[in-house]
Amino acid sequence: MSNSTRCAACRYLRRCCEDCMLAPYFPSINPERFACVHRIFGASNAARMLQQIPVEQRRQAADAIALEAYWRVQDPVYGSVGVISMLQREISVAQRELAETQAQVSMYTAQVQSQSNQITQVQYLVDNAHLIPNQPPIHGLCQPPDIP
Amino acid sequence: MGGNSPCASCKLLRRRCTKDCIFAPYFPSDDPHKFAIVHKIFGASNVSKMLQELPVHQRADAVGSLVYEATARLRDPVYGCVGAISYLQNQVSQLQMQLAVAQTEILCIQMQQEPPLAEQKMEADDKSFVINNNLTAMPQLLNYASSSNVAQDPLKREFLWT
Numbered sequence: 001m002s003n004s005t006r007c008a009a010c011r012y013l014r015r016c017c018e019d020c021m022l023a024p025y026f027p028s029i030n031p032e033r034f035a036c037v038h039r040i041f042g043a044s045n046a047a048r049m050l051q052q053i054p055v056e057q058r059r060q061a062a063d064a065i066a067l068e069a070y071w072r073v074q075d076p077v078y079g080s081v082g083v084i085s086m087l088q089r090e091i092s093v094a095q096r097e098l099a100e101t102q103a104q105v106s107m108y109t110a111q112v113q114s115q116s117n118q119i120t121q122v123q124y125l126v127d128n129a130h131l132i133p134n135q136p137p138i139h140g141l142c143q144p145p146d147i148p
Numbered sequence: 001m002g003g004n005s006p007c008a009s010c011k012l013l014r015r016r017c018t019k020d021c022i023f024a025p026y027f028p029s030d031d032p033h034k035f036a037i038v039h040k041i042f043g044a045s046n047v048s049k050m051l052q053e054l055p056v057h058q059r060a061d062a063v064g065s066l067v068y069e070a071t072a073r074l075r076d077p078v079y080g081c082v083g084a085i086s087y088l089q090n091q092v093s094q095l096q097m098q099l100a101v102a103q104t105e106i107l108c109i110q111m112q113q114e115p116p117l118a119e120q121k122m123e124a125d126d127k128s129f130v131i132n133n134n135l136t137a138m139p140q141l142l143n144y145a146s147s148s149n150v151a152q153d154p155l156k157r158e159f160l161w162t
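Quick note, the sequences are listed as chains F and A, same order. Per UniProt numbering, the first sequence starts with residue 1, numbered consecutively. Per UniProt numbering, the second sequence starts with residue 1, numbered consecutively.
Heads up, a few of these hints could be off.
As the list claims (entries may be wrong) - Ranges between beta-carbon positions, derived for each pair:
id : chain 1 : residue 1 : chain 2 : residue 2 : range
1  : A       : Q58       : F       : Q104      : 35 to 45 angstroms
2  : A       : S93       : F       : L131      : 55 to 65 angstroms
3  : A       : D30       : F       : T109      : 55 to 65 angstroms
4  : F       : R59       : A       : G43       : 20 to 30 angstroms
5  : F       : R59       : A       : S93       : 18 to 28 angstroms
6  : F       : M107      : A       : L54       : 47 to 57 angstroms
7  : A       : A60       : F       : P24       : 37 to 47 angstroms
8  : F       : A103      : A       : S93       : 20 to 30 angstroms
9  : A       : K19       : F       : E97       : 45 to 55 angstroms
10 : F       : Q104      : A       : P28       : 47 to 57 angstroms
11 : A       : N90       : F       : T109      : 21 to 31 angstroms
12 : F       : Q60       : A       : Q112      : 42 to 52 angstroms
13 : F       : G82       : A       : P25       : 14 to 24 angstroms
14 : A       : Q91       : F       : S114      : 31 to 41 angstroms
No lab work stands behind these hints, which were simulated from the structure alone. These numbers were taken from a predicted model, which means no experiment stands behind them. Built from N, CA and C at the ideal position, the CB exists for glycine as well.
Make the full structure from the sequences, and use the hints.
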């Protein structure tokens, strides 16, 4: 296999392997991807893990292994566990914010409903004012004379 | 550990466990399974290199996370930890969506409660009264309707006008 057609794994390991099983998943255009995998898992471990997986799922598995290796290189202590912790914190914060916001929505809705009820009551009184019997004269106000 | 009882890693690797064995503090002999899974996924030499590159006070946490990742990968050989991360990312997205909806609801309620000053002014017969007493409120209403907050947030705009 010529230099230009070797996969990233074979180029990194300086070998010539025509039937390299890592070739489909570690193309030569992205050498850093394999470098991370090799550093964290090792080429033989990675190849063995992929071999134990059905062919149709190997691409996803290779991507997942590459991601885990990348996160471990970025964070040598916690790796992808650090990402999980960060997401769990985000979820906790978002849940709290959502609960507070939904409580505000309930409060505003109750206020609007209360105002709407008051307006309805006032409108009812206005509409039915003609049904209210005459009130006794209020002291001090000028009243028209009684018509015999 | 030391000359008496080899650590789990040295037992598995069948080698002499020296007093400065890097694995001994983290892989005691009473839990052989822990080192076995880490060795299966990462390899003993890779784990040794990783631990050597870390300060001593961080090695216990590193071993803990390696054991977690190795366990996850044994349970799910295709996605490993990435499966859990993908699930959590979906949860975060859903919560953010729900939060945006709730915040838009508040916005709608607040807008409904705004007194419709423009309409009242147009219905008034005495326009001079309107001009003299309510002119300062009009710019506020117009500015609110065309505020950058509403215009630039596509998610809020979408929910506002559906």
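Right, here's what the structure says about each hint:
no.	hint	verdict
1	A:Q58 with F:Q104: 35 to 45 angstroms	43 angstroms, holds
2	A:S93 with F:L131: 55 to 65 angstroms	59 angstroms, holds
3	A:D30 with F:T109: 55 to 65 angstroms	59 angstroms, holds
4	F:R59 with A:G43: 20 to 30 angstroms	23 angstroms, holds
5	F:R59 with A:S93: 18 to 28 angstroms	24 angstroms, holds
6	F:M107 with A:L54: 47 to 57 angstroms	51 angstroms, holds
7	A:A60 with F:P24: 37 to 47 angstroms	38 angstroms, holds
8	F:A103 with A:S93: 20 to 30 angstroms	22 angstroms, holds
9	A:K19 with F:E97: 45 to 55 angstroms	52 angstroms, holds
10	F:Q104 with A:P28: 47 to 57 angstroms	52 angstroms, holds
11	A:N90 with F:T109: 21 to 31 angstroms	29 angstroms, holds
12	F:Q60 with A:Q112: 42 to 52 angstroms	49 angstroms, holds
13	F:G82 with A:P25: 14 to 24 angstroms	22 angstroms, holds
14	A:Q91 with F:S114: 31 to 41 angstroms	36 angstroms, holds
Every hint from the earlier list agrees with this structure, and none is contradicted.
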